[in-house]
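Chemist: Chain residues, written in single-letter form:
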Amino acid sequence: MSVAQKCETALGWRSDRSAWVSRGVRLLLCVGAVLFFTGPLLTIFSGAFDDNPDPTQLSLVPDNPSLDNFRAAGENRIWHYLGNSLIIAGGALLLQLSVSVFAAYALARKKFRGQAIVLLAVLTTMMLPEEVIAIPLSLVIGDLPVLHVSLKGTLLGVILPLGAWGFSIFVMTEFMKEIPVEIEEAATVDGAGELRIFAQIVLPLCKPALGVVAVFGFTMIWEQYLLPLIVATDPSDYTLTVALLSLRSDDQVGPGIVLAGALLALVPSLLVYLSLQKSFLRGITTGAIKG
Amino acid sequence: MTAVRTAGEDVGAAANGGGAVGSHPVGRRRKRRLTSVTPWLFLAPALLLFVVFKYVPMAEGVRLSLFQVRPFLGDLFVGLDNYVRILGDDRFQAAIGRTFLLAAGQTLGSMLIGFALALLLEGHARSLWFVRSAVFLPVVAATAVIGEIWRLLYYPAPEGFVNTVLSFVGLGPVAFLDSPDSALWSVMAVGIWKGAPYDMVLILAGLAGIDRQQYEAAEIDGASTWHRIRYVTLPALRPVVTILLTLAAIRGLRTFTEVYVLTGGGPAGSTDVWMTRVFSVAFERNELGIASAGSVLLFLITFALTVTVQLYRRRKA
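Residue numbers (the UniProt record's numbering), protein chains in the order written: chain L, 1 to 291; chain V, 1 to 317.
Keep in mind that the hints are not guaranteed to be accurate.
Derived Cβ-Cβ restraints for the label pairs, each shown as a range [said to hold, decoys possible]:
| no. | chain 1 | residue 1 | chain 2 | residue 2 | range |
| --- | --- | --- | --- | --- | --- |
| 1 | V | Asp178 | L | Arg23 | 41 to 49 Å |
| 2 | L | Lys207 | V | Gln93 | 45 to 53 Å |
| 3 | L | Asp143 | V | Glu159 | 22 to 30 Å |
| 4 | V | Trp226 | L | Pro180 | 42 to 50 Å |
| 5 | L | Gly24 | V | Gln93 | 50 to 58 Å |
Since the hints were derived computationally from the structure, they do not count as laboratory data.
The beta-carbon is built from N, C-alpha and C at its ideal position, and this holds for glycine as well.
Work out the full structure: start from the sequences and follow the hints.
Modeler: See below:
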């Protein structure tokens with residue numbers, strides 16, 4: 001702790017009591033920063049619970065709190081859209097976690113012919129912006145190679161393309177490399193098979209990495225916009241985030257309903273972030289510096 | 001091709017080393033075959049999904065960019081004609097210019113504000129952790145949601161939220177998204193607002209890596225705060241800044257959601273960017289060949305950018 005106290009910051013902020021002027025300035029600036037970055041999000045909360053929010057009078061606290069917006073939003077199928085979003089998020093996240101754990105196990109714990117090419121293939125997908133392949137992807141989803149099945153208008157059409165993500169495979173691989181080989185060798189001597197080593201030794205040791213990959217995976221899936229838009233054949237296939245735009249363009253729908261929808265779309269990502277923020281912020285730094 | 005061969009040799013050598021535990025020739029052979037199949041079984045789901053949803057579309061995109069796509073009539077090979085047409089298109093040229101402006105503005109703006117935030121919030125105190133987590137919230141919120149919120153905040157009347165705030169300091173009212181003069185800048189501001197906290201986290205990590213003795217030495221030499229930042233902090237942050245510039249530039253070039261949600265490219269096409277242009281050419285005008293050519297060009301630029309920066313970084317290191 002004494003080391004932390006002595007550590008000086010670039011601007012030379014001090015934590016001793018004598019420097020109250022600089023502490024006051026810093027406090028003010030911090031309050032300003034928090035307001036600037038959270039204020040716009042807070043207006044969603046107040047507007048969603050305000051019985052008749054007017055875009056000219058958005059505020060940080062509702063004037064007249066009620067749940068009317070959510071009731072009206074329910075009539076506009078908001079729960080259906082939320083359901084679509086949650087099924088996609090759950091399904092795609094589960095798929096993504098299992099796919100990355102399997103792939104990482106092979107990449108980190110095995111040596112095989114062609115390993116370098118596979119690694120390169122994974123890295124290439126990370127350099128390929130999703131937006132760039134959106135148009136041909138929509139054709140592929142409409143007519144899968146070999147099977148010739150169309151996934152258009154199905155939730156599976158959004159889930160499957162999100163199932164393999166280079167970033168989560170990469171993070172998982174880096175983490176699995178750190179597990180000492182001796183543990184595995186001991187298990188082999190004891191006669192454990194491949195699947196047992198994977199399921200009972202490597203997998204449990206990966207729990208911390210699974211947390212990081214899950215937060216990033218969820219954020220990436222929840223952020224999806226173009227993919228659900230091109231997979232959908234009609235508005236009932238929309239995810240909540242995509243539906244917000246069509247709700248807004250509807251003249252019958254007031255800003256209160258859009259705000260209620262926006263709040264419902266915001267809360268899951270906030271919950272996931274707030275519950276795992278430490279590993280999230282740490283993950284950003286390691287992920288970006290290694291990538 | 002050389003990379004392939006070296007990889008094969010590496011792996012071959014490693015397999016020999018690993019397999020030479022002195023067992024029977026037969027047992028050894030069986031074991032080796034087993035170990036060479038298992039990795040592929042574990043990799044199969046990932047590779048299958050990548051091939052179907054990344055590589056096939058990528059190849060298909062390149063192919064389409066060389067054809068005039070005609071449903072029911074069969075595609076017509078047109079060579080590089082699509083590229084010529086899209087590069088010669090006025091609206092697309094304007095969109096390219098705007099994309100670069102938007103990417104540059106968002107990248108630099110986020111970096112500057114992120115740097116200022118990082119300097120402000122550097123430290124170990126618990127309260128700073130709280131402030132950092134709160135400031136980071138815009139990064140986690142989905143872009144589409146943020147777009148909807150800012151549309152309402154940007155309400156183009158004196159009573160609108162941002163205009164009310166501006167009036168406190170004697171500015172405004174501004175039409176924001178409703179005027180071709182201010183729409184692109186308004187979109188840029190939202191991008192900076194969402195991007196700055198992300199940059200802050202990476203810069204904070206960079207600041208944490210700076211040797212404190214350098215600060216002490218600077219103090220003994222009588223350096224001012226400005227000098228300390230100029231000669232100790234900024235040089236130490238150079239690697240982080242390079243990463244941030246690449247990441248943000250790529251993110252900026254492929255911008256789609258925020259523009260689509262905030263303005264849909266309007267008013268009067270004043271915020272149309274590369275990807276929104278490609279999107280409308282593909283799905284509104286149904287010219288898949290031309291749209292694919294636009295996508296392939298964007299990919300080539302982002303790819304070239306990444307590779308250049310990586311090579312530059314490697315040479316420095």
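Chemist: Give a verdict on every hint.
Modeler: Here's how the hints hold up against the structure:
1. Between Asp178/V and Arg23/L the C-beta distance comes to about 43 Å, which sits within the given range of 41 to 49 Å.
2. With their beta carbons about 52 Å apart, Lys207/L and Gln93/V fall inside the hinted range of 45 to 53 Å.
3. Hint check: Asp143/L to Glu159/V, Cβ distance near 51 Å, so the stated range 22 to 30 Å is violated.
4. Our hint of 42 to 50 Å for Trp226/V and Pro180/L holds, since their Cβ atoms are close to 48 Å apart.
5. Separated by about 52 Å at the C-beta atoms, Gly24/L and Gln93/V satisfy the suggested range of 50 to 58 Å.
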